[in-house]
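Asks: Input sequences plus hints: build the corresponding full structure.
Number of protein chains: 2
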Amino acid sequence: MSPKITGELLRQLRQAMKNCKYFSEPIQAYIIPSGDAHQSEYIAPCDCRREFISGFDGSAGTAIVTEQHAAMWTDGRYFLQAHQQMDNNWTLMKMGLKETPSQEDWLISVLPENSKVGVDPWIIAADQWKNMFKALSSAGHSLVAVQDNLIDAVWPDRPERPSTQLRSLGLDFTGISWQDKITTLRAKMSERKITWFVATALDEIAWLFNLRGADIEYNPVFFAYTIVGMNTIRFFVDLKRLSDPAAREHLQLDSPSKPELSIQTFPYESVYTELQAICAALGPKDKVWICDKASCALTQVIPKTHRSPIPYTPLCLGKAVKNATEIQGMKMAHIKDAVALCELFAWLEKEIPNGNVTEISAADKAEELRSQQKDFVGLSFPTISSVGPHGAIIHYRPLPETNRTLTVNEVYLIDSGAQYVDGTTDVTRTMHFGTPSAFEKECFTYVLKGHIAVSAAIFPNGTKGHLLDSFARAALWESGLDYLHGTGHGVGCFLNVHEGPCGISYKTFADEPLEAGMIVSDEPGYYEDGSFGIRLENVVLVVPAKPKYNYRNRGSLTFEPLTLVPIQVKMMNTELLTQKERDWVNEYHRKCREVVGAELERQGRQEALEWLIRETQLII
Amino acid sequence: MSPKITGELLRQLRQAMKNCKYFSEPIQAYIIPSGDAHQSEYIAPCDCRREFISGFDGSAGTAIVTEQHAAMWTDGRYFLQAHQQMDNNWTLMKMGLKETPSQEDWLISVLPENSKVGVDPWIIAADQWKNMFKALSSAGHSLVAVQDNLIDAVWPDRPERPSTQLRSLGLDFTGISWQDKITTLRAKMSERKITWFVATALDEIAWLFNLRGADIEYNPVFFAYTIVGMNTIRFFVDLKRLSDPAAREHLQLDSPSKPELSIQTFPYESVYTELQAICAALGPKDKVWICDKASCALTQVIPKTHRSPIPYTPLCLGKAVKNATEIQGMKMAHIKDAVALCELFAWLEKEIPNGNVTEISAADKAEELRSQQKDFVGLSFPTISSVGPHGAIIHYRPLPETNRTLTVNEVYLIDSGAQYVDGTTDVTRTMHFGTPSAFEKECFTYVLKGHIAVSAAIFPNGTKGHLLDSFARAALWESGLDYLHGTGHGVGCFLNVHEGPCGISYKTFADEPLEAGMIVSDEPGYYEDGSFGIRLENVVLVVPAKPKYNYRNRGSLTFEPLTLVPIQVKMMNTELLTQKERDWVNEYHRKCREVVGAELERQGRQEALEWLIRETQLII
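As given, the protein sequences belong to chains A and B, one line each in that order. The first sequence: position 290 = 290 (full-length UniProt numbering), numbered continuously. The second sequence: position 41 = 41 (full-length UniProt numbering), numbered continuously.
Keep in mind that the hints were calculated from the coordinates and are not lab data. Mixed in with the good hints, there may be bad ones.
The list treats identical chains as interchangeable, and a pair is accepted whether it falls inside one copy or across any two copies.
[Unchecked claim] When the alpha-carbon atoms are kept at most 25 Å apart in a straight line, the in silico DMTMM-like pairs for lysine to aspartate or glutamate are as follows:
id: 1; residue 1: 548; residue 2: 610
id: 2; residue 1: 188; residue 2: 51
id: 3; residue 1: 287; residue 2: 157
id: 4; residue 1: 331; residue 2: 364
id: 5; residue 1: 181; residue 2: 599
id: 6; residue 1: 130; residue 2: 292
id: 7; residue 1: 464; residue 2: 478
id: 8; residue 1: 134; residue 2: 292
id: 9; residue 1: 546; residue 2: 113
id: 10; residue 1: 304; residue 2: 113
Replies: Here it is in structure tokens:
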């Protein structure tokens with residue numbers, strides 16, 4: 001991976017920062033958040049502005065360019081990658097380390113007095129704008145909304161915004177019609193005396209309408225906005241997409257069942273003016289719900305007295321708790337996914353000794369095997385296929401210039417997942433195809449202990465996921481080890497592989513309590529820089545637990561693994577496991593053998609079945 | 001415990017709420033926070049306004065009275081107690097339960113449109129004012145600062161504000177002179193470009209000046225304010241107290257060593273006008289530090305552009321990390337405290353079968369035995385001495401009308417502590433003097449497992465205490481049990497038994513990371529309403545740990561118990577303990593025997609020594 005040469009680009013950007021075409025007075029700093037006008041985590045090529053200006057293409061990062069400096073904030077997953085992708089013009093700001101200043105503090109320390117800091121108000125979320133605005137103001141600077149994006153101004157061949165075909169999902173996949181979802185939403189609105197709701201998150205809009213798209217790689221979403229009132233539904237989308245008869249039929253555009261379920265369609269770009277018109281006609285008591293993470297631009301259209309910002313919208317909460325149909329779909333998707341992975345691992349075991357398998361070819365093989373499964377749509381994120389030292393680059397993605405050959409001498413980590421029409425998967429396994437070192441086994445075993453501690457945890461109803469994070473770390477901590485990322489994230493159902501409002505992380509306190517039906521990942525790790533990486537990830541479903549007692553009738557919850565792929569016993573130092581932990585491994589492997597074995601048999605994949613049976617033998 | 005009859009009082013208060021003597025327009029609700037003008041947790045009798053109006057005397061609670069309603073918010077420790085102390089005029093709002101509305105939500109739900117809600121701005125903290133102000137404004141109501149306290153208006157025989165003698169502490173107790181503390185504070189101020197610092201918390205002022213008082217029972221503090229500039233120190237206190245030559249000498253009032261260490265003294269009440277004068281003379285860049293938990297009244301004196309609110313002051317942080325002298329003092333205090341408790345338990349064992357020991361006489365005996373120890377000053381909080389069902393009232397305090405006799409048939413819980421000149425103690429033991437039931441033993445053992453999980457935890461430097469809270473609950477959760485309070489609080493050194501900024505609780509996320517030298521309690525529990533209560537509390541010191549590895553050179557921490565009182569083996573179901581947990585118990589008991597045994601021997605307390613030796617036998 002060689003860094004992007006950014007000297008000339010930065011020169012042009014700094015020129016634009018002084019160019020009065022864009023604003024009345026020059027700005028002294030320009031903030032380039034990652035994300036798009038919907039605050040998406042994964043973004044379309046036309047929105048990859050932070051990558052374009054810096055070269056760093058990880059999923060999280062914020063660049064700030066001043067007249068003298070260019071700095072990039074990112075988290076522990078990306079320290080190595082960002083370091084490798086950016087040239088000397090850039091300073092890496094390692095978030096989460098004590099010595100790293102916040103963006104605000106850094107700006108205040110480097111800016112001349114009374115500086116102006118610019119940002120595109122469509123890209124920055126309202127809550128981030130607010131914090132940045134406050135911090136800069138208190139230090140005598142000002143934050144300025146720059147309507148023309150300055151990166152676009154120096155990006156001559158910027159790609160077009162995609163507009164892919166919409167896919168309608170029936171009740172057999174969604175469990176609830178979009179009409180019923182609208183009705184539930186309106187009930188919540190009237191309960192809270194809310195008259196309008198503005199949806200800006202792409203996955204929420206896709207979930208609401210039971211529609212999927214392919215505008216953003218890996219995320220089956222499409223560019224749109226929606227504004228729901230008590231009697232109207234306004235849908236903002238590239239209108240060309242609605243010429244498709246199936247989509248028209250699904251949305252009942254030509255023959256709505258009831259007037260209040262009639263959808264009015266508008267061009268994507270007209271959301272701003274339409275929201276302005278709605279706000280101009282608000283009654284004195286009217287309240288508008290908008291997520292506090294929505295864009296600053298759209299949020300500020302709503303007059304403050306009418307604005308009711310919420311950390312999580314009812315759609316986000318509704319989407320997080322999967323219904324029975326979605327759970328069944330997720331289970332099916334994970335069985336298919338396990339079939340593909342068992343085949344992959346059986347194949348790797350055979351092929352690696354020949355020296356012909358690379359990180360890229362292994363990832364390609366995984367995709368090929370997944371694509372043979374029913375209702376496969378695509379991958380759910382770029383496959384992390386990493387050998388030896390690459391495993392320590394937490395979100396490594398193999399490129400031709402970094403591509404390493406799998407051998408019997410190094411640890412192999414593969415973190416991959418797929419979109420199936422019935423569900424989304426995300427699984428990480430760490431394997432050794434020769435003989436792992438004692439240290440590798442020791443670290444693997446601590447990570448496994450952490451994985452089990454979360455997976456087997458029983459906790460009261462109402463517990464927030466962040467309270468479980470330390471369980472995943474206790475065994476590592478006891479040996480002085482740790483990992484610099486959260487333990488789990490929400491997972492969508494044929495939607496984004498990362499979704500809120502639940503998760504398991506020491507970093508989040510605003511998460512919503514875990515509820516039966518929520519689905520999260522459980523993925524502790526350990527990374528030895530320059531040597532190897534270990535991560536063990538299952539997607540798990542929150543289910544009721546029935547412990548001996550029931551304190552104050554609160555009820556208890558636990559997790560049921562949806563991922564059913566064997567965990568390599570060769571990597572375990574079983575002496576470090578307690579009897580309870582060994583029992584957990586044996587029970588997990590029994591279930592893998594039973595459920596995935598039956599499917600392998602049905603699909604006639606004999607070699608993978610033999611591999612599965614061998615890899616799920618009892619440990620003692 | 002019979003409830004206070006409050007009908008007439010509430011009638012008078014509601015009349016005052018309509019009385020234009022106090023404001024231009026009547027108010028529809030009046031908030032009565034607990035606490036005083038320093039936001040103290042424990043308060044002097046003259047400040048017990050919430051207790052006066054409601055009867056509920058727990059350490060935490062907020063009352064709100066409207067024209068129709070009177071409601072009291074308190075947390076799980078006090079649900080039973082508040083229920084028993086308040087009459088039918090009051091509604092108990094159980095904080096922490098899902099169905100309980102916040103104060104703001106409740107007000108909004110019960111108030112008529114455009115209501116005015118009053119509060120004494122000296123008693124409400126600035127951050128609470130801000131939240132309440134926002135919430136009420138957004139619902140069309142307003143929050144009004146009522147300068148005359150309306151409770152005082154209906155409280156004819158309200159006690160005087162105390163003004164006890166000041167006690168000066170030398171370097172042998174404090175380790176650092178007040179002059180050096182001022183110098184360190186000023187260095188932090190100039191590092192952050194702060195020109196003034198306003199100290200309002202009584203324990204911070206006591207710590208800063210190495211002075212103690214006795215204005216508030218259990219807390220060795222005195223009513224005062226301090227404003228520190230780069231060259232001046234202004235000390236606001238009842239000036240009569242400074243006629244004492246020892247105090248004058250200690251503060252160098254008559255012969256300051258350097259001009260910038262010269263203390264100007266002012267009457268306690270003049271802090272408001274003096275701060276106004278300071279603020280009137282501020283330069284355009286001058287910044288004033290004040291804790292965001294300081295009173296709204298004093299905070300709002302500082303113009304917003306000059307105000308720099310901080311969650312924890314440098315004094316709070318400095319006080320939390322104990323120096324070597326303070327640690328040595330805390331260790332000595334805990335050894336003396338353990339001597340007293342070993343004697344108490346040996347005595348109880350002998351006396352209980354005679355049927356003459358009650359909750360009150362046991363508490364008195366504990367105090368008597370503590371008072372025999374060197375440098376004893378008083379108790380550090382009201383002793384919780386509770387038998388059987390009273391143990392489930394988390395902060396129960398025996399009263400003549402509730403006083404229960406200790407028997408060999410019920411669990412006994414005693415949570416007690418003392419102030420010694422060298423340190424503060426806080427210890428809880430749960431004992432059975434006959435044969436505990438299997439269920440009592442089971443619960444005790446889960447609590448013990450939680451206590452050990454925290455005490456023995458190894459965690460990276462920089463970890464916040466709230467990340468350890470779940471360790472204390474895991475064993476209880478696994479059986480469907482839990483407790484509705486935090487796991488630990490900071491402990492002062494001959495100061496308040498509860499202090500910030502560290503602690504171990506699921507409820508706090510703004511806590512500061514744990515550091516070597518900090519001292520917290522570790523006190524999980526289990527409470528079976530109407531039957532028994534279990535809590536096991538040690539005060540523990542944060543110390544460096546040396547695990548096998550040292551990830552990213554961060555270093556690790558763990559806890560060293562300062563409390564050295566045996567944990568009753570009779571209450572344990574040792575089969576539920578792992579070998580590691582049994583080892584911890586044995587090592588803890590070995591240390592109790594060694595350290596406290598030597599002191600018991602030195603003091604010639606033979607019976608207690610025999611009891612200690614018997615109670616610290618190995619478990620297997």
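Asks: Does each hint fit the structure? Answer for all of them.
Replies: Hints, verified against the model:
{"no.": "1", "hint": "548 with 610", "result": "neither (39 Å within a copy, 39 Å between copies)"}
{"no.": "2", "hint": "188 with 51", "result": "neither (39 Å within a copy, 39 Å between copies)"}
{"no.": "3", "hint": "287 with 157", "result": "neither (42 Å within a copy, 49 Å between copies)"}
{"no.": "4", "hint": "331 with 364", "result": "within (24 Å within a copy, 63 Å between copies)"}
{"no.": "5", "hint": "181 with 599", "result": "neither (34 Å within a copy, 71 Å between copies)"}
{"no.": "6", "hint": "130 with 292", "result": "both (10 Å within a copy, 19 Å between copies)"}
{"no.": "7", "hint": "464 with 478", "result": "both (24 Å within a copy, 16 Å between copies)"}
{"no.": "8", "hint": "134 with 292", "result": "both (16 Å within a copy, 16 Å between copies)"}
{"no.": "9", "hint": "546 with 113", "result": "neither (61 Å within a copy, 47 Å between copies)"}
{"no.": "10", "hint": "304 with 113", "result": "between (30 Å within a copy, 20 Å between copies)"}
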